[in-house]
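Chains as they are written, first to last, in my numbering: chain A, 1 to 45; chain B, 1001 to 1565.
I should point out that these hints are in silico values taken from the structure, not numbers from a laboratory.
One or more of the hints may lead you astray.
Stated by the list, open to error - Listed next, the in silico DSBU-like pairs over lysine-lysine satisfying Cα-Cα at most 30 angstroms (straight line):
#1 K1291/B / K21/A
#2 K1291/B / K1474/B
#3 K1024/B / K28/A
#4 K1006/B / K6/A
#5 K1237/B / K1291/B
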Amino acid sequence: MENNYKDLSKIDYNELLQIQKKASEFFKQVSSQYETIKKVEEENS
Amino acid sequence: MSSLIKELEEQIEIDKEVIDVLPKKGVKQIREFKKSLEEIMKRYETINNYAIAEMNSRYDKINSIKTNEEIGRVSENIYELDNLVLSEKGQTSFERMQLDRLTYKINGYYKKNLVIINQDIMACVNKFKEVGIKLTGKDFNISEYANEYMTVLLEEAEKGDINSDRVKDTFEKVYWKSSDLIDHILVNIRYIYDIHESAIDKYYKNKTEEVLKSLKVTEKQVQEKKEELVRQLNALKSVDGRLILDSFLNGVHSIGDYRPDTYTSIYENLISKKLEDLNPDEKKTMDDNFKKLNNNLLEYTNYLEFKFIIDEILHLKTLREKENAGKVENTDNANNKKDKKSKKDKKSKKVEKKLTSSEVVKNSIKKSFVDIKKLNSEISTEKTQKRCFFSFLKKKALPKNNKAVVLERNNKVLELKELYFKLDNCNLKDKIVENISDTSKIYDVFKIASYDYGFLARTIIKKYKDIVEEDIDKMIERFIKFIRLYSFSVLTNVNVYEKKEIAIVIKDKHKLLGLEISKDNFLEANLDDFAKQTKIIDYYNDIEKSNIPLEDIQFIMNSRTILKK
Chain A
1 MENNYKDLSK
11 IDYNELLQIQ
21 KKASEFFKQV
31 SSQYETIKKV
41 EEENS
Chain B
1001 MSSLIKELEE
1011 QIEIDKEVID
1021 VLPKKGVKQI
1031 REFKKSLEEI
1041 MKRYETINNY
1051 AIAEMNSRYD
1061 KINSIKTNEE
1071 IGRVSENIYE
1081 LDNLVLSEKG
1091 QTSFERMQLD
1101 RLTYKINGYY
1111 KKNLVIINQD
1121 IMACVNKFKE
1131 VGIKLTGKDF
1141 NISEYANEYM
1151 TVLLEEAEKG
1161 DINSDRVKDT
1171 FEKVYWKSSD
1181 LIDHILVNIR
1191 YIYDIHESAI
1201 DKYYKNKTEE
1211 VLKSLKVTEK
1221 QVQEKKEELV
1231 RQLNALKSVD
1241 GRLILDSFLN
1251 GVHSIGDYRP
1261 DTYTSIYENL
1271 ISKKLEDLNP
1281 DEKKTMDDNF
1291 KKLNNNLLEY
1301 TNYLEFKFII
1311 DEILHLKTLR
1321 EKENAGKVEN
1331 TDNANNKKDK
1341 KSKKDKKSKK
1351 VEKKLTSSEV
1361 VKNSIKKSFV
1371 DIKKLNSEIS
1381 TEKTQKRCFF
1391 SFLKKKALPK
1401 NNKAVVLERN
1411 NKVLELKELY
1421 FKLDNCNLKD
1431 KIVENISDTS
1441 KIYDVFKIAS
1451 YDYGFLARTI
1461 IKKYKDIVEE
1471 DIDKMIERFI
1481 KFIRLYSFSV
1491 LTNVNVYEKK
1501 EIAIVIKDKH
1511 KLLGLEISKD
1521 NFLEANLDDF
1531 AKQTKIIDYY
1541 NDIEKSNIPL
1551 EDIQFIMNSR
1561 TILKK
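Starting from the given sequences, assemble the full structure and let the hints guide the process.
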């Protein structure tokens, strides 16, 4: 799926900004969950 | 919506569900869940990186836009015409060398540190160099103090360090001998100019001829040529993509104001019509009208900002006219009262009556310098040294009675400084009376003011008591740029004594051209908003004609924080 985003040269400014925003925001959300689960794992071990 | 955005949104929903349903109990499940999160994170990190790379590439491409080189060339031609030809009538070579600005700055030395003072002194030395006069320590001969310090400063300047320990040590040593050291240097610079004045005038005369020759214009065509160049420069600048982009990057304009719907709404409000009802020709005519209105408003707002300068010039004109008519005492010649009382000066008094005030002060300056020269000779202790004005260069302890002579000489130097100030005031008033008449336009008065840095600085301080020097400089720079680089149509036509308000003149003209404006738009509370709206319309039109699309500017402004540019 990621490979579809390798070449973004054909899309317009608005779409490019939206893709970046959506990917970055979801990445942040998942990262936050990841940090929480990492802590749980460390406490359990 | 593009398929890529749709695909991304769908994938996000899928991944959200995956995260929700994955089991997270026990060590093994948590490890597996963590692994899945890592994979998901990697996916979005990769997409984000691709997007950032593309954004960076587009940003750099847009931002690599260059200023039209023609702008620099036209500006240079305007500068040459203005500084080397047009200024000839209103400016002395002292002002053209910018010595008025530099000596004004040196005179305020008590507010600054030695580093700045040294820079200003060396700037004066370099100005003399530019006109072909290379100064050495020997030229600073007003006193042994000025000579000692300037000899070291110039030697260290040759080595490239005007703030070396040697300069600081010499300043420390000389300052304690005479705390008036900087005043001595200041007076010395003024006198060096006096000595070389005719050579400097000749230098500028030759330069003027060179410029006229290179631009292929006669003296009579200069003003016309300058106006043509200013129009050309403004036309080039108004559609220059680099300058437009910089105006947004530097915060002069806000991208939020430049949306098509904002433009349409302001436009329709000011013409009381729907934009779609205008045919292309009508729209073009209206755009031109908005450009004219915007230019007129810029002239008007600048006029309001600097009106206090006109008031001061007219005040000085009235004062000088009263002085000339003998209704008030001539302050420039007040110091000559004592001379006039003297019987032996009765003859010269008759001669002085025929002289202008500035000539009287000039004579006092010459006399004062002869006195200083004489006292400097007396300070010398050896007969053989007496022939040489620079005899104090040979260091010798001064006999006790010489101390009184040194004191007298120091007082004379300070008197000479005052005389130079009087001469400046006198020259300014004479210039005002000579050049400003009942038929003068507002622009003529501004132009005269723009030639005298000291006058501008004093007038600004009079108006804004607590203003700091940096802001004075900025205001003067803005004022001079306005006077020299603007294509005027209002201030060059309105008489300085005109009773009718300029705002009404502008309003009436543009109302006739179909704009829905009223006197209220020009009220103090509304003027800024009105000027801003007109500016948005005109600038929006310029952007459309420029080599940078509005969407490129929007992209730059929207992505610069994300890209940390």
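Verification of the supplied hints:
1. K1291/B / K21/A: With a Cα-Cα distance of about 39 angstroms, the restraint between K1291/B and K21/A is violated, given a limit of 30 angstroms.
2. K1291/B / K1474/B: Holds - the C-alpha atoms of K1474/B and K1291/B are around 27 angstroms apart, at most 30 angstroms.
3. K1024/B / K28/A: At roughly 20 angstroms apart (the allowed maximum being 30 angstroms), K28/A and K1024/B satisfy the hint.
4. K1006/B / K6/A: holds (16 angstroms)
5. K1237/B / K1291/B: holds (14 angstroms)
In this structure, only the earlier hint numbered 1 is contradicted, and the remaining ones agree with it.
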